[in-house]
Amino acid sequence: MSTDLLRIVRINEEIKAVVGVAFKINIMALNAIFLAKRAGTAALGFGVLSNELRVFSQDLRTCMGGLSGLIHRCVNEVSVVLQDVRNTKLLREAVAGTSRPELGLALKRRELANGEHQARLASLRRQLQRALEDAFQLVELGGVLAKSAKIEAAYGQGFAGALAQVSGEFDGIVEEIRNSLQALQRSEFFK
Amino acid sequence: MKKTSTIYQDGDHKWVAIVRDNERPGHLIDTNEYLVMHGGKAILLDPGGAEVFPAVFSALAGEFDPSALSGIFASHQDPDICSSLALWLEFNPGMKCYVSWLWTSFIPHFGGTADTFVSIPDEGMDIALDGLTLQAVPAHYLHSSGNFHLYDRQAKILFSGDVGAALLPHGQDGLFVENFDSHIRHAEAFHKRWMGSNEAKRRWCERVAAMDIDMLCPQHGAIYRGADVRRFIDWFDGLTVGVLHG
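Same order as they appear, the protein sequences are chains R and V.
Going by the numbering used here, the first sequence opens with residue 1, and the numbers climb by one from there.
Going by the numbering used here, the second sequence opens with residue 1, and the numbers climb by one from there.
The set of hints was computed from the structure by calculation and includes no laboratory data.
A couple of the hints might just be wrong.
To be clear about the criterion: a stretch of chain R counts as covered by chain V if any three or more of its residues have a C-beta under 8 Å from a C-beta of chain V, and this derived list gives those stretches [unchecked claim]: (1) 2–9; (2) 74–80.
Label-pair distances were calculated between CB atoms; the ranges are [what the hints assert, rightly or not]: (3) Ser5/V to Tyr155/R: 48 to 54 Å; (4) Met211/V to Arg73/R: 39 to 45 Å; (5) Pro108/V to Arg109/R: 26 to 32 Å; (6) Ala227/V to Glu140/R: 54 to 60 Å; (7) Ser2/R to Asn179/V: 41 to 47 Å; (8) Leu112/R to His245/V: 41 to 47 Å.
We put the beta carbon where it would ideally sit given N, CA and C, even for glycine.
Using the sequences provided together with the hints, build the complete structure.
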């Protein structure tokens with residue numbers, strides 16, 4: 001169970017990093033909107049996309065907030081199970097050294113409570129896995145938007161260079177989040 | 001679920017208070033845990049009891065990678081101080097526990113191996129944390145016979161264990177002392193009963209009065225800051241302790 005705790009801690013650390021990057025995306029989306037406004041008619045398509053990117057960045061933030069809450073509950077629940085494992089081990093050792101039936105009953109009660117905690121953890125595990133899948137889908141959409149923005153940037157005439165830079169950075173960051181989420185989905189914690 | 005609050009930050013040098021578990025059962029005394037971070041390392045001060053381990057662990061994980069935790073400082077041997085030790089060690093078996101030499105064969109009843117414990121001699125010692133030096137300050141008989149506080153000279157923070165503790169009623173349990181006179185009423189009975197030696201108290205007051213302290217952080221109750229630190233030391237100096245009633 002301490003391995004499980006280590007795994008969930010690793011996921012937590014990765015999500016904290018992703019949340020930090022997601023915050024950067026919010027600022028970048030704002031910059032893209034300002035840039036599109038400055039470019040005016042030369043960047044109408046980019047302007048539409050920059051608004052979509054802004055909406056995406058806000059959705060991503062909300063999604064990351066949900067993930068952070070869920071991961072916090074997971075860390076808490078794995079810690080509870082770690083407590084259970086230790087207490088159960090001590091009780092089992094005591095049961096092995098005595099013939100008192102009351103201790104056997106205490107162990108049964110303990111194991112019943114352990115089962116409830118395990119079930120709660122299993123449910124949280126499934127919720128986290130689903131939330132990661134949802135976040136991944138959202139980021140896939142962000143990737144499509146960023147790539148479209150890169151194409152639109154090419155039509156930006158005098159602003160093409162600046163627009164290409166902004167959309168390129170956006171695309172890079174979305175890709176970074178995508179890779180992180182993909183790695184998280186493969187975590188041993190879900191196996 | 002416990003809350004975290006950053007009470008000091010200068011670059012990567014940070015103090016985080018882990019406090020006020022609203023889901024804690026009423027029969028369990030509330031505890032404050034403090035995390036001191038410097039560089040990429042951290043030390044957890046009085047990690048709390050086994051019952052609050054999930055709440056403390058998950059709150060800490062929101063602030064800092066628990067696998068980079070290099071040690072635990074236990075001010076003394078009480079269960080609300082460090083009965084969670086075995087669980088922290090399950091997660092990070094190489095972690096050190098700094099504690100008075102007096103308790104190094106008692107605390108292993110909570111967990112740990114011979115390699116876990118770093119004995120603090122009676123006169124105190126320096127504890128290194130990735131370039132930061134923390135000082136274990138003697139506070140024996142306040143209340144435990146082998147008792148230490150932890151001073152961070154750079155942050156000007158003294159972690160004072162049970163000294164300064166207050167049993168705050170619900171609704172008056174803010175993180176900082178806001179009104180010293182009304183706050184100290186919740187600390188008086190605790191100090192009279194739990195602190196056993198007037199002589200030890202006097203020595204502690206003299207030692208601490210000479211230190212540069214911006215914040216005095218107890219293990220229960222609210223944090224004293226600014227002028228309230230001096231107010232507390234003066235109040236404690238004038239209090240008769242080791243009293244059963246009254």
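Item to complete: For serine 2/R and asparagine 179/V, compare the CB-CB distance with the range 41 to 47 Å and indicate the outcome.
Response: holds, 44 Å
Discussion item. I want to verify a distance hint. Is the separation of the beta carbons of leucine 112/R and histidine 245/V within 41 to 47 Å?
Written reply: Given about 44 Å between the Cβ atoms, the range holds.
Discussion item. Please check whether the segment 2–9 of chain R has three or more residues whose CB lies within less than 8 Å of a CB on chain V.
Written reply: holds (count 4)
Practice prompt. Indicate whether the distance between the beta carbons of proline 108/V and arginine 109/R respects the range 26 to 32 Å.
Written response: Holds - the Cβ-Cβ distance for proline 108/V and arginine 109/R, about 28 Å, lies within 26 to 32 Å.
Discussion item. Verify the CB-CB distance for serine 5/V and tyrosine 155/R against the hinted window 48 to 54 Å.
Written reply: With a Cβ separation near 50 Å, serine 5/V and tyrosine 155/R satisfy 48 to 54 Å, so the hint holds.
Worksheet item: Within the segment 74–80 of chain R, is the number of residues with a Cβ closer than 8 Å to a Cβ of chain V three or more?
Response: holds (count 5)
Worksheet item: Okay, methionine 211/V versus arginine 73/R on CB: inside 39 to 45 Å?
Response: holds, 41 Å
Worksheet item: If you check the beta carbons of alanine 227/V and glutamate 140/R, does the distance land in 54 to 60 Å?
Response: Holds - the Cβ-Cβ distance for alanine 227/V and glutamate 140/R, about 57 Å, lies within 54 to 60 Å.
Comparing the model with each earlier hint shows no violations; every hint is respected.
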